[in-house]
Amino acid sequence: MEAGAVLHFEWDHVSPGELSETGVGKTGLGEVDLWGQLALDAGPVRLQAGATRYAFQGSTAAGGLGPDRNTTELHVAVSAFRAYSNPTAALWWDVGKVHGGYLSLSGKTPVLAWPLQPFVFAYVDAEVGLNVGQAADPPHPEDHANFSQRGLTHAALGLTLSTRVKQMPGLGFLAVTGGARSQLNLDEATRFDGIGRRDDIRLWFWGGISVALGGAARTLR
Amino acid sequence: MIRNHGAVLLAAGVLLGCGGSTRRAVPGQPSPKPTNASGRLRAGFGRADITPPPGVGLAGNGPEGAMAMGQRLRLYARAMILEDAKGNRLGLVVADIPLGSALLHRRVAQLILDSTHIGVDRLIIAATHTHSGPSHYFEGKVYNEEGSSVPGYDTVMVDSLARRIQGALEGAAANLAPATIAWGSRAVWGYTRIRSLPAMIRNLPPPMARPDAPAGLAREYQLVDPEMSMLRVDQWDGSGFKPRGAFTIFAMHGTGNASGTVLLDGDIHGLVERRLERHIDSLIDPRPWPFVPRSLHLFANGTEGDVSPAWTPQSRCDTPTLAPLPFLEGAFAPTLWQWKPPSERHIAACVHAGRQGVDWIGEGVGRAAVELYDGLDPKAADDIELSRAFVTLPLRDTVRVPGICNTPAVGMGALVGADDAHTRMLGWSLFGVFAMGLDQGTPNPDPKGCQAGKHTLGDVLVGPLLVKPTADGFPSHAQVTVFQIGNRVIGTLPGEVTTTAGRRMRDGMLAAARSRGRGMPVDAALIMGLTNGYLEYITTAEEYTAQYYEGGSTLYGPGEAAMFGRTLAGLTASLSAGDPLPPEALLLMADPGAPHGFLHPRRPKERDAQPSVDPPTCRGDTLFARFRYGAVQDWADSTGSAGSLPRIAILRDKTVVAWDDNPLVELHLLHRRAYPARWELWWTPSVKGSYRVRVTGRPDAESSAVECGGMTVH
Numbered sequence: 000m001e002a003g004a005v006l007h008f009e010w011d012h013v014s015p016g017e018l019s020e021t022g023v024g025k026t027g028l029g030e031v032d033l034w035g036q037l038a039l040d041a042g043p044v045r046l047q048a049g050a051t052r053y054a055f056q057g058s059t060a061a062g063g064l065g066p067d068r069n070t071t072e073l074h075v076a077v078s079a080f081r082a083y084s085n086p087t088a089a090l091w092w093d094v095g096k097v098h099g100g101y102l103s104l105s106g107k108t109p110v111l112a113w114p115l116q117p118f119v120f121a122y123v124d125a126e127v128g129l130n131v132g133q134a135a136d137p138p139h140p141e142d143h144a145n146f147s148q149r150g151l152t153h154a155a156l157g158l159t160l161s162t163r164v165k166q167m168p169g170l171g172f173l174a175v176t177g178g179a180r181s182q183l184n185l186d187e188a189t190r191f192d193g194i195g196r197r198d199d200i201r202l203w204f205w206g207g208i209s210v211a212l213g214g215a216a217r218t219l220r
Numbered sequence: 000m001i002r003n004h005g006a007v008l009l010a011a012g013v014l015l016g017c018g019g020s021t022r023r024a025v026p027g028q029p030s031p032k033p034t035n036a037s038g039r040l041r042a043g044f045g046r047a048d049i050t051p052p053p054g055v056g057l058a059g060n061g062p063e064g065a066m067a068m069g070q071r072l073r074l075y076a077r078a079m080i081l082e083d084a085k086g087n088r089l090g091l092v093v094a095d096i097p098l099g100s101a102l103l104h105r106r107v108a109q110l111i112l113d114s115t116h117i118g119v120d121r122l123i124i125a126a127t128h129t130h131s132g133p134s135h136y137f138e139g140k141v142y143n144e145e146g147s148s149v150p151g152y153d154t155v156m157v158d159s160l161a162r163r164i165q166g167a168l169e170g171a172a173a174n175l176a177p178a179t180i181a182w183g184s185r186a187v188w189g190y191t192r193i194r195s196l197p198a199m200i201r202n203l204p205p206p207m208a209r210p211d212a213p214a215g216l217a218r219e220y221q222l223v224d225p226e227m228s229m230l231r232v233d234q235w236d237g238s239g240f241k242p243r244g245a246f247t248i249f250a251m252h253g254t255g256n257a258s259g260t261v262l263l264d265g266d267i268h269g270l271v272e273r274r275l276e277r278h279i280d281s282l283i284d285p286r287p288w289p290f291v292p293r294s295l296h297l298f299a300n301g302t303e304g305d306v307s308p309a310w311t312p313q314s315r316c317d318t319p320t321l322a323p324l325p326f327l328e329g330a331f332a333p334t335l336w337q338w339k340p341p342s343e344r345h346i347a348a349c350v351h352a353g354r355q356g357v358d359w360i361g362e363g364v365g366r367a368a369v370e371l372y373d374g375l376d377p378k379a380a381d382d383i384e385l386s387r388a389f390v391t392l393p394l395r396d397t398v399r400v401p402g403i404c405n406t407p408a409v410g411m412g413a414l415v416g417a418d419d420a421h422t423r424m425l426g427w428s429l430f431g432v433f434a435m436g437l438d439q440g441t442p443n444p445d446p447k448g449c450q451a452g453k454h455t456l457g458d459v460l461v462g463p464l465l466v467k468p469t470a471d472g473f474p475s476h477a478q479v480t481v482f483q484i485g486n487r488v489i490g491t492l493p494g495e496v497t498t499t500a501g502r503r504m505r506d507g508m509l510a511a512a513r514s515r516g517r518g519m520p521v522d523a524a525l526i527m528g529l530t531n532g533y534l535e536y537i538t539t540a541e542e543y544t545a546q547y548y549e550g551g552s553t554l555y556g557p558g559e560a561a562m563f564g565r566t567l568a569g570l571t572a573s574l575s576a577g578d579p580l581p582p583e584a585l586l587l588m589a590d591p592g593a594p595h596g597f598l599h600p601r602r603p604k605e606r607d608a609q610p611s612v613d614p615p616t617c618r619g620d621t622l623f624a625r626f627r628y629g630a631v632q633d634w635a636d637s638t639g640s641a642g643s644l645p646r647i648a649i650l651r652d653k654t655v656v657a658w659d660d661n662p663l664v665e666l667h668l669l670h671r672r673a674y675p676a677r678w679e680l681w682w683t684p685s686v687k688g689s690y691r692v693r694v695t696g697r698p699d700a701e702s703s704a705v706e707c708g709g710m711t712v713h
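As they're listed, the protein sequences go chains A and B.
For the first sequence, the positions run 0 to 220 when numbering that gives the first Met the number 0 is used.
For the second sequence, the positions run 0 to 713 when numbering that gives the first Met the number 0 is used.
Please note: incorrect hints may appear among the correct ones.
Which residues of chain A face chain B? A partial, calculated answer using Cβ under 7 Å [unchecked claim]:
| hint | residue |
| --- | --- |
| 1 | Phe-120 |
| 2 | Ala-174 |
| 3 | Thr-176 |
Calculated directly from the structure, the hints in this document are not laboratory data.
Virtual Cβ for every residue (Gly too), placed ideally from N, Cα, C.
With the sequences and hints as input, model every part of the structure.
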């Protein structure tokens with residue numbers, strides 16, 4: 000059983016018409032995602048089932064996403080872990096607002112991993128999104144939806160580097176992860192980049208810090 | 000729930016491992032001119048306990064070398080000093096350590112110069128090459144960082160080892176006494192094999208088995224150099240010359256234990272050492288002497304570069320595999336990866352199979368050593384001269400050291416490990432499809448430059464970016480010695496010489512010795528590897544083209560063996576005694592890396608820690624006892640004194656029947672942070688009885704008795 004929270008912050012001021020959760024002229028916490036799931040490992044296969052509550056913190060008046068957009072999704076996923084291929088299929092079903100599904104097909108393959116401390120792992124990942132019901136409903140266009148139409152939403156390719164910068168024997172470890180990701184946008188909603196602006200292809204860099212304490216993290220090599 | 004991934008920045012971090020070179024000159028003083036001529040050949044022996052505490056990395060298996068979590072056999076440094084009639088001395092140390100170290104050699108030489116009159120040119124420190132010994136004391140940063148899964152250089156390790164070896168040598172100098180000696184040799188078949196036969200058969204002329212090779216042996220067993228050469232030394236005890244010790248050279252990797260082992264141990268060499276020592280002890284005094292043997296067997300390695308002990312396939316452990324971490328894996332966090340270890344059951348099985356092999360090989364080779372020893376008849380040798388020649392080679396100066404590449408490089412075949420212990424990188428391919436050459440026997444398809452057919456990681460990934468910082472971490476100098484004892488000349492090299500390379504070197508030395516026209520006649524030339532430093536393997540140019548593990552680890556290119564062969568021949572031709580060395584023969588640079596303390600000097604409160612022992616239990620045929628003793632990062636013996644008493648003893652009635660230097664007694668650390676340290680003893684008694692466990696201290700702690708044993712006889 001696993002649970003967690005993901006907090007999304009916006010640090011830059013946006014202009015009217017730009018994509019934002021906090022709203023025009025505002026920064027800070029934009030979204031809180033609370034998630035919980037059950038995971039079952041069966042040999043090289045992992046099954047997951049869980050739910051996520053999306054709670055938006057922005058100002059509707061300023062063009063951001065406010066509590067009226069809050070919703071809940073259920074998800075099930077199956078992954079296979081092998082040396083080179085780590086495919087995952089995940090189905091998300093919105094039960095709060097749009098009552099539709101979204102299918103994610105992804106895969107990861109390691110490029111190389113440094114076997115000594117500090118361990119460095121490099122991997123390539125690819126993802127395709129398929130909207131199976133989270134598009135606008137023609138009889139009710141006022142309902143909020145995430146995508147403009149059914150079908151492929153985007154295809155993404157990323158390269159990630161991760162290193163365990165601090166191994167704390169008996170406690171856990173600290174990992175720094177970062178990478179580059181490119182995305183081919185196929186749905187109008189994914190292309191949207193502000194009024195009058197569309198991006199068919201986007202490239203961005205990202206980074207993060209993970210702290211894993213207890214359990215198997217204590218003795219990892 | 001924005002799925003078009005707006006520019007949400009969580010945090011950004013870039014980690015670049017930057018570190019400048021820490022190369023520094025290491026001082027060295029030559030032996031002074033002898034002033035104390037006794038007119039006799041004299042010999043002395045000394046021993047030091049060099050067993051480090053748990054927590055250190057077990058060096059030799061790279062990333063598969065575990066952190067030490069206990070001990071089986073104690074590790075010792077055994078020292079012998081010989082002094083000829085004119086007062087020229089030679090200090091020989093064989094230590095139960097994985098690799099040689101120029102840093103350690105220079106440090107010991109500095110410590111003993113005044114007390115023993117032995118300088119760098121007359122001191123040989125050889126490693127038995129046990130892969131169950133400590134890391135962290137090398138002059139090359141690469142070996143401190145990557146010799147085991149525990150990275151780092153430790154000045155306390157260097158100082159502690161040096162002080163202990165100093166003690167052994169000073170002990171030997173203190174008991175110098177008239178001696179008689181005898182050289183002998185015999186073949187030992189069936190316990191060693193060539194592990195890289197496809198590389199060996201590239202040599203011209205093709206390798207031939209000796210005529211006395213047993214016909215039934217497989218080819219890789221027939222092509223080894225089976226020669227066990229032994230110097231028996233008897234010592235005057237006031238009433239006569241009595242057996243006292245031996246110095247043996249035999250080619251065999253110290254890789255009997257599986258890579259999954261977590262115990263410090265002397266491996267096969269530890270058993271062979273003890274087997275002959277017990278035998279010599281019995282010749283001195285037939286009454287049982289239960290603890291540390293009184294006599295010494297210095298069991299050094301020869302040209303073992305491509306020679307494995309006859310381990311069985313089931314004694315090799317699987318390596319970890321790459322897999323995403325099962326926790327935090329999902330849509331909410333970036334994937335974290337792990338090297339997933341084999342199951343504990345698998346590790347236990349391969350470690351157990353490794354021990355069976357160690358016992359069998361140790362008994363067989365030990366028996367051969369006893370037979371050879373018994374066949375030797377020491378004679379007075381007061382007329383011999385302990386001549387020597389010594390040089391420190393600057394390997395990156397191709398003017399002074401021609402014939403090799405001026406930049407070291409490691410081939411792909413080295414990254415994957417030898418057959419004795421592959422690393423987790425074996426067979427890795429890009430996306431599981433495109434081979435990267437991470438295998439043995441994968442030379443560069445487009446040979447170019449000095450390293451020619453060596454396929455390096457830099458060829459595949461980041462090219463020159465990787466070469467410079469990596470090269471800095473490898474040794475840049477090599478200490479080479481040739482010395483003569485009686486009718487044998489012995490060349491020492493800071494690396495692992497293959498069988499064929501060693502044969503060529505010996506031929507060159509013998510020819511040089513016979514053509515010099517002075518000094519004592521020479522009947523044989525011998526090679527000691529793993530001495531006075533470490534720069535990996537030394538293969539012939541033909542073997543190098545195969546790029547097996549040994550060729551991939553020949554750092555300075557295909558000309559290395561020929562260069563060392565010329566050097567050894569030149570030194571053999573210039574053997575001398577009683578003369579000073581030129582200063583350029585001494586310059587040595589080292590780059591051990593930044594200190595990274597694992598160990599600490601013994602602190603007062605730990606010295607006074609009171610031991611305790613819980614009531615033992617017996618499960619199946621094994622006795623288990625938990626006890627508290629010492630501190631985890633502290634040396635069990637603060638001085639290195641080998642002592643005459645066990646630290647942990649098992650008693651039946653009032654008789655000690657086993658102790659903490661017995662291959663059937665394992666001491667497992669239970670908790671790395673507990674103080675005093677918590678241990679568990681495992682022992683399988685062969686005789687059913689009532690046993691108690693005693694832990695030494697002030698006062699000793701002794702357990703209650705438990706009935707155990709009798710189910711298994713080893």
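Okay, the hints, checked on the actual structure:
no., hint, in the structure
1, Phe-120, "4 Å, holds"
2, Ala-174, "6 Å, holds"
3, Thr-176, "5 Å, holds"
Violated hints for the displayed structure: none, as all numbered hints are satisfied.
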